[in-house]
Amino acid sequence: MSTVVLDPTNEAAPAHRERVTRPDSLDGLTVGLLDISKPRGDRFLNRLEERLTERGLRVERYSKPTFTKPAPVDLRHEIATKCDVVIEALAD
Amino acid sequence: MASSADGNTTDDAAASVPRNGLVAVVKRDCPTCELIAPVLADIEARGLLTVFTQDDAAFPEAVAARVHDNDLGFSWHHDIETVPTLMRFADGAEAGRIVGWSRPEWESFSGLGSLGAGLPEHRPGCGSLSVDPAHVDALEARFGGSGLSARRVEFGSQEDAHEAMFDRGWSDGLPLVPPTAERVAAMLAGTSRAPDEVVANVAPDLADCTVEKAAVNAVMAGCRPEYFPVVLAALTAVCNDTFNMHGMLATTMPVGPVFIVNGPIARQIGMNNGINVFGQGNRANSTIGRAVQLIVRNVGGGRPGEVDRAALGQPGKVGFCFAEIEAAADGSTGESGGTGWDPLCTDFGFEAGTNAVTAFPGEAPRSVVDQLSRDPESLARTMAAALNAIHHPKLVLGFDAILAVAPDHSRVFIDSGWTRQQTAGRINELTTRPGSELVRGADGIAEGVPDFLAEADLPKFREGGLHLVHCGGGAGLFSAVIGGWVNGEVGAQPVCVEIDPWR
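Protein sequence lines correspond, in order, to chains A and B.
Per my numbering, the first sequence starts with residue 1, numbered consecutively.
Per my numbering, the second sequence starts with residue 1, numbered consecutively.
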């Protein structure tokens with residue numbers, strides 16, 4: 001259950017961080033494929049990589065050490081730095 | 001209206017109230033409610049009865065017209081203090097109620113005879129869950145129309161609340177208490193002021209701070225509700241042109257508000273005026289000043305590296321607040337020793353015994369050691385020498401100071417009949433030096449006063465600029481100096497505010 005608190009500020013700034021705007025097209029972008037290390041997630045991602053590469057897109061592959069915990073901050077940083085969009089595979 | 005999988009919402013519960021008929025409010029955890037469960041079934045069988053059950057949706061099993069008051073909304077809105085409560089509704093409005101179990105009362109109230117055969121004649125009820133201290137703050141926050149209007153910030157379900165507050169920049173670097181609506185409602189009980197009342201306009205953003213916003217930050221700082229009137233008074237003391245909080249933030253000098261609390265409230269809320277008075281270990285001392293600083297940070301937008309340009313700062317900028325040793329009304333002084341001195345608030349026109357907080361624009365305290373002086377003149381000379389060093393030994397008149405005198409030192413003055421004013425006056429005289437010693441270049445030091453003052457005799461402090469404060473543990477021949485920031489129109493003046501109006 002999430003915690004709800006009262007904003008201690010003068011409320012001049014938005015309470016929520018805005019999401020990055022979604023691109024209209026993948027053309028020319030680098031796509032990150034993040035395997036969260038669930039079984040068979042790699043099969044799904046392998047197929048996606050084939051399809052994306054066929055379209056001439058650049059693909060970077062990543063995997064989390066374990067699906068039970070959030071991605072390490074360094075990994076998140078690397079993905080954010082190198083990729084324009086990311087697809088996360090949740091499989092079983 | 002929030003709903004839950006296993007119960008009714010307040011709206012559902014309200015819809016279940018009959019326009020005409022009887023309503024009973026019960027909980028399984030009440031032995032009297034358990035005892036009269038057959039009576040409720042009997043009344044239901046003989047007429048119109050709805051039972052609101054607080055804790056267990058399945059209780060009482062023998063009654064069919066059962067409504068789970070899952071969020072305690074019905075109980076809260078109908079001021080149920082005791083279970084069982086039996087109410088009569090007529091034309092949609094409550095027409096009467098009885099509490100506990102009394103056969104004659106229940107028979108008379110319901111108009112039904114022969115209730116509860118075999119039961120005892122009387123049994124008192126139990127407390128309603130809606131007045132249980134574990135729930136009452138949450139209910140007040142949810143249903144009370146408490147006027148809480150601050151924006152709600154919902155943390156992510158995977159987000160640690162404490163880390164989330166750091167991430168949002170609300171913290172001074174130390175952990176914060178999450179300001180939930182329940183905690184803020186409890187904090188607001190510390191004042192009679194309305195939540196939407198504006199307390200102060202806070203620098204540097206010049207944002208209005210309401211009582212509610214002050215309460216949110218006081219919760220985060222770790223204050224108890226009884227400290228809150230002091231927080232509000234302290235906030236008003238710093239948010240004005242006289243104290244000049246904006247300038248104190250923007251200066252590169254290492255200063256921040258230092259709060260000194262006078263009056264019986266200090267003892268009532270458990271403040272420390274004795275051993276380790278400037279140190280750690282007392283919740284009120286540690287959190288009141290912090291609450292004000294968090295308001296300056298969060299409401300005012302005053303953050304280090306932004307408008308706060310202090311080159312070095314000082315640890316008291318997290319929050320610096322303490323109480324003074326004062327004679328009690330009965331003349332007793334507690335373990336910290338005797339006092340023949342009037343309190344600091346009298347420097348600002350308040351009577352001794354007034355609940356007041358003084359905001360002083362101050363740096364960190366610095367120790368003054370004198371373990372040999374036993375006569376007041378010698379000790380005053382020590383004080384003067386120590387005070388002359390504030391900021392620079394050759395700079396005078398530009399800075400006020402607090403001289404915090406601990407009991408082993410104050411006794412030397414008091415036993416010789418020196419009042420606080422006489423002591424301060426003599427120290428002022430002793431700080432007076434020839435301008436020729438203080439001008440730029442004198443003593444091989446470029447820093448100093450302008451040359452035109454070479455022929456003048458210059459005291460360290462302007463008139464009224466030295467404030468003696470009585471505090472500290474009962475053993476130790478020490479005092480402390482708290483130097484001020486630039487005084488006068490361009491800088492800051494100490495401000496003293498009465499606390500009681502904020503209770």
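Quick caveat, the hints were computed from the structure, so don't treat them as lab data.
Virtual Cβ for every residue (Gly too), placed ideally from N, Cα, C.
Mixed in with the good hints, there may be bad ones.
Said to hold, decoys possible - To give an idea of the chain B side of the interface with chain A (calculated C-beta under 8 Å), a few residues: (1) G144; (2) F155; (3) G156; (4) S157; (5) A161; (6) D172; (7) L174; (8) A181; (9) I275; (10) Q371; (11) L372; (12) G417.
To be verified - Now the in silico label distances, taken between C-beta atoms and shown as ranges: (13) B:V307 - A:V85: 30 to 40 Å; (14) A:R76 - B:Q280: 58 to 68 Å; (15) B:G349 - A:R76: 58 to 68 Å; (16) B:A134 - A:T53: 25 to 35 Å; (17) B:E61 - A:V86: 23 to 33 Å.
As the list claims (entries may be wrong) - Quick look at which bits of chain B chain A covers, simulated, 3 or more residues with Cβ under 8 Å: (18) 35-48; (19) 436-448.
Going through the hints against the structure:
1. G144: violated (14 Å)
2. F155: This interface hint holds because 5 Å falls under the 8 Å limit.
3. G156: Because about 6 Å separates B:G156 from the closest Cβ in chain A, which is inside the 8 Å limit, the hint holds.
4. S157: It holds, given that the least Cβ distance between B:S157 and chain A is near 5 Å, below 8 Å.
5. A161: Since the shortest Cβ distance to chain A is 4 Å, the answer is holds.
6. D172: violated (12 Å)
7. L174: At about 14 Å, which exceeds the 8 Å cut-off, the nearest Cβ of chain A leaves the hint on B:L174 violated.
8. A181: Where the cut-off is 8 Å and the nearest Cβ of chain A is about 6 Å from B:A181, the hint holds.
9. I275: violated (33 Å)
10. Q371: Given a least distance of 46 Å, the restraint on B:Q371 is violated.
11. L372: violated (50 Å)
12. G417: violated (50 Å)
13. B:V307 - A:V85: 30 to 40 Å: holds (38 Å)
14. A:R76 - B:Q280: 58 to 68 Å: 37 Å Cβ-Cβ, so the 58 to 68 Å window is violated.
15. B:G349 - A:R76: 58 to 68 Å: holds (59 Å)
16. B:A134 - A:T53: 25 to 35 Å: violated (59 Å)
17. B:E61 - A:V86: 23 to 33 Å: Since the Cβ atoms of B:E61 and A:V86 sit about 54 Å apart, the hinted range of 23 to 33 Å is violated.
18. 35-48: violated (count 0)
19. 436-448: It is violated, with 0 qualifying residues against the three required.
Violated hints, in rising order: 1, 6, 7, 9, 10, 11, 12, 14, 16, 17, 18 and 19; the structure is consistent with all others.
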